[in-house]
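J.: Based on the provided sequences and hints, a complete structural model is requested.
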Amino acid sequence: LLYGFSNKYNYQIKRLKLSFPNLPEAFRGMKMVHISDIHSGSFQNKKAVDHGIDMILQEKPDLIVFTGDLVNDRASEMEEYKSVFARLSAPMGVYSTLGNHDYGDYVSWPTREEKATNLEALKKIHADMGWRLLMNEHVAFERGGQKMALLGIENWGAKGRFPKYGKMDLAYQGTEQIPFKILLSHDPSHWDAQIRTEYADIDLMLSGHTHGMQFGLENPYFKWSPVQWMYKQWAGLYEEGKQKLYVNRGFGFIGYPGRVGILPEITVIELQG
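Start counting the sequence shown at 1; every next residue gets the next number (this note's numbering).
Treat the hints with care, as some may be off.
[Claimed, not checked] Dumping the calculated DSS-like pairs for lysine-lysine here, alpha-carbon to alpha-carbon at most 27 Å:
#, residue 1, residue 2
1, K242, K159
2, K124, K164
3, K82, K115
4, K47, K124
5, K232, K17
6, K115, K31
7, K17, K223
8, K242, K223
9, K124, K60
10, K31, K159
11, K147, K167
12, K46, K60
13, K147, K242
14, K14, K82
15, K60, K47
16, K31, K164
17, K82, K47
18, K242, K164
19, K60, K159
20, K232, K242
21, K82, K17
22, K124, K46
23, K14, K31
24, K60, K167
25, K147, K31
26, K124, K167
27, K164, K232
28, K115, K47
29, K46, K17
30, K223, K159
31, K46, K82
32, K82, K147
33, K159, K232
34, K167, K115
35, K82, K60
36, K60, K115
By construction, these hints were calculated from the structure, which means they are not laboratory data. Just so you know, these numbers come straight off a predicted model, no measurement behind them.
T.: So, in structure tokens, the structure goes:
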């Protein structure tokens, strides 16, 4: 476990080329960076985090997406790191969603108003950083008359202890005629529980949440973590029929201040036809 302390900022780039026959030609070759689970309240080394941002920018992605858990509990955790993450930019923009930790549900707030104020402050931080926070909504990108949709929903987990803030029907509305769709949804259990059964035309879902438990074994041929007993899809790529799910192992950490075997991740995805 002491060894793991040195790994908490040891960012690993995972590269994927994902093929979709229905991807419009105008978007073939598009490069996207996916990060998740920043948990800024756990950080203790601004220089190390800044290096992680450098690694992302060196990829020169067309699009950057973040799938929730910016903080552990409170918006104020981002005070020291807002300027760091505001450095992220891409030609198609930076888009984000909320995770279970972003709502302040794990804090005993003196009043409901204070909890609501905290959430509004967190939303403003996304905007101040230049991130477009998707709250049960979508955006459509168009190139040469061809379209793709990016949907983002609030946290929606199949496990009973997580409130279902996400409203997929609202995010989906208006995308019916768009031939290619990517969904940002923090909790990977959402895929089996709703996306595969009710939204068969979501081509790619991007998630985080599990952190790979920050503990396990992984090499190019094998991966294992105790978290797999709680989450069927917990790290990496999963495919069912024409649909794909990618679960990011997390940029940050919470609880145990380190990582053993399952290292912090920056995902670089190239879309292909």
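J.: Quick check: which numbered hints come out false for this structure?
T.: 6, 10, 16, 19, 21, 24, 28, 29, 32, 36
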